[in-house]
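Based on the hints, put chain B with the ligands in the right spot on chain A.
As they're listed, the protein sequences go chains A and B.
If you read the first sequence in the numbering used here, its first letter stands for residue 129, the second for the next number, and so on.
If you read the second sequence in the numbering used here, its first letter stands for residue 6, the second for the next number, and so on.
Keep in mind that the hints were calculated from the coordinates and are not lab data.
Virtual Cβ for every residue (Gly too), placed ideally from N, Cα, C.
Don't take each hint at face value.
Stated by the list, open to error - Pairs of lysine-lysine residues, derived as DSBU-like cross-links and limited to a Cα-Cα distance of at most 35 Å, are as follows: (1) B:Lys30 / A:Lys266; (2) A:Lys368 / B:Lys95; (3) B:Lys27 / A:Lys465; (4) B:Lys55 / B:Lys83; (5) A:Lys350 / B:Lys27; (6) A:Lys368 / B:Lys60.
Stated by the list, open to error - Listing some non-contacts, in silico: residues in chain B with all C-beta distances to chain A over 10 Å: (7) Lys27; (8) Cys56; (9) Ala72; (10) Thr80.
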Amino acid sequence: MNAASPHIDPPLAMLAELTYRCPLRCPYCSNPLEMTAASGDMDTGQWLGVIEEAADMGVLQIHFSGGEPTVRQDLEDMVGRAEVLGIYTNLITSGVLIDQARLEGLADRGLQHIQLSFQGTEEAGADRIGGFRGGHRKKLETARLAGEIGLPLTINAVMHRQNMDDLESMIQMAVDFGAKRLEVAHVQYYGWGLRNRAALVPTREQLEHATEIVEAARERLKGILVFDYVVPDYYARYPKSCMGGWGRQFLNVTPSGRVMPCHAAETIPDMTFDSVGERPLLDIWEQSEAFTRFRGTGWMPEPCRSCDRREIDWGGCRCQALALTGNAAATDPVCEKSPEHERIAALAAAEAAAGTDEFEYRRFGQGG
Amino acid sequence: MAAAVTIGEASVPHLPRGVRLKFDKPRDQWVLLAPERMFVLDDIALEIVKCCDGKASVAAIADDLSARFEAPRDTVAKDVIILLQDFADKGVVAA
Ligand code: SF4
Ligand code: SF4
Chain A
129 MNAASPHIDP PLAMLAELTY RCPLRCPYCS NPLEMTAASG DMDTGQWLGV IEEAADMGVL
189 QIHFSGGEPT VRQDLEDMVG RAEVLGIYTN LITSGVLIDQ ARLEGLADRG LQHIQLSFQG
249 TEEAGADRIG GFRGGHRKKL ETARLAGEIG LPLTINAVMH RQNMDDLESM IQMAVDFGAK
309 RLEVAHVQYY GWGLRNRAAL VPTREQLEHA TEIVEAARER LKGILVFDYV VPDYYARYPK
369 SCMGGWGRQF LNVTPSGRVM PCHAAETIPD MTFDSVGERP LLDIWEQSEA FTRFRGTGWM
429 PEPCRSCDRR EIDWGGCRCQ ALALTGNAAA TDPVCEKSPE HERIAALAAA EAAAGTDEFE
489 YRRFGQGG
Chain B
6 MAAAVTIGEA SVPHLPRGVR LKFDKPRDQW VLLAPERMFV LDDIALEIVK CCDGKASVAA
66 IADDLSARFE APRDTVAKDV IILLQDFADK GVVAA
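Just chain A, same shape as in the assembly (with noise of 0.2 Å):
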């Protein structure tokens, strides 16, 4: 299949982002810089309608996200409906929100794991990250209580310079919770994350440590914890396939409704977005402006175009390639392909070295 072919499969899964309300303030959320107050959230019936529509297209998974999606008393329904359904429903929470009812609720209505995320190990450092006072014991208390319900869970650990040394009694946590699954993951710098990345950037050393104890403990662990270990590309050799491919396995709705490739395509300035009720979710996959304009290799400009990486990797992430160097178009510049690798490289580690290890939380307008 090549780039002019316009016959794309449906997307395997979609994320949900129910509302960007959130009791935590992360300073690497994924949620856009300028984020809508919950007036702007869909209500019910719309989102039982993309939910419909996700199944009729073909959609395997609905992650529901945020955000903190729980902060939504309708999830239930959402979970329920998709169930019916067919789709395998995922929760990505951070935890501090929910009791025994209501985690008993969701898993009698069909919900099928839970994503819990951590912010460290140890309660002041973790609170001090998710700037929520109380969170991580909340967190331990929803871990504790996936495993007495059984409800399959996944650690998410987002590791950054200022957590790294918790990584071992990271996976230590999730063996004790009896979580399946670990993912560990260090921060993207889009979004809040790009904001702070001054604070969170890891060295080098503290990078090539950590994956070494992944490795380590991915053998040791074998058949008891699966290991999901995403990298910050700022110290690879080559990008990641952000997304699969643009336009190729995924797409995300946000809390009002907007249809993305992924959900950090808002920063892209000059792209516009439709959204579920003004055009059929199918017809918005398969030909809006927003997902052809990046799926497959016709956009590519070189070194992607002659790259025998180039349907593997897909060029690397659109937004990462914007945020440093101003082009969305541009080879993703972790590349070592790229013109702009070495700068980028150079620049995670004098901020690493450097760096302050201040946080801007995320906040909801000016108030917030």
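Quick look at chain B with the ligands alone, frame taken from chain A:
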């Protein structure tokens, strides 16, 4: 702490909670849906996974498949164990 599963002839495999076998109509394939992952099954993998009902042992599954596909039992048993061990390591089969 949970122990890793070793699959042998006596194991009785099943799909754990959070793992689902589904026919993916638009792409015309069978898939195992698991937490934030999915595995596309080829014909052989599908036959094996369909037998993972929490009742049949690996030995019984090997007998059954070798009879149905007229293939030597040891080869079948070996293949079944390799595949299920791999899936067990990935957390999508329990025994
Ligand atoms: S990253 Fe932190 S602040 Fe952002 S939605 Fe998740 S828990 Fe909330
Ligand atoms: S040149 Fe482009 S396609 Fe090739 S590895 Fe780099 S980013 Fe990927």
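Hint by hint, here is what the structure shows:
1. Under the criterion of a C-alpha separation no larger than 35 Å, the hint pairing Lys30 (chain B) with Lys266 (chain A) is inconsistent with the structure, at around 41 Å.
2. Restraint check for Lys368 (chain A) and Lys95 (chain B): satisfied, since their Cα atoms lie roughly 22 Å apart, inside the 35 Å limit.
3. Simply put, Lys27 (chain B) and Lys465 (chain A) have alpha-carbon atoms about 41 Å apart, too far for the 35 Å limit, and the pair is violated.
4. Restraint check for Lys55 (chain B) and Lys83 (chain B): the C-alpha separation of about 17 Å stays at or below 35 Å, so the hint holds.
5. The hinted pair formed by Lys350 (chain A) and Lys27 (chain B) meets the criterion: a straight-line CA distance of about 26 Å does not exceed 35 Å.
6. A distance of roughly 42 Å separates the Cα atoms of Lys368 (chain A) and Lys60 (chain B); the hinted pair therefore is violated under the 35 Å criterion.
7. Listed as a non-interface residue, Lys27 (chain B) fails to keep its Cβ farther than 10 Å from every Cβ of chain A; the least gap is roughly 7 Å.
8. Taking the minimum C-beta to C-beta distance to chain A, about 21 Å, the non-interface status of Cys56 (chain B) holds against the 10 Å cut.
9. The beta carbon of Ala72 (chain B) sits about 30 Å from the closest Cβ of chain A, which is more than 10 Å, so the claim that it is off the interface holds.
10. At the 10 Å boundary, the C-beta of Thr80 (chain B) stays outside the reach of chain A, the nearest C-beta of that chain being 25 Å off.
Checked against the numbered hints above, the structure breaks hints 1, 3, 6 and 7 and satisfies the rest.
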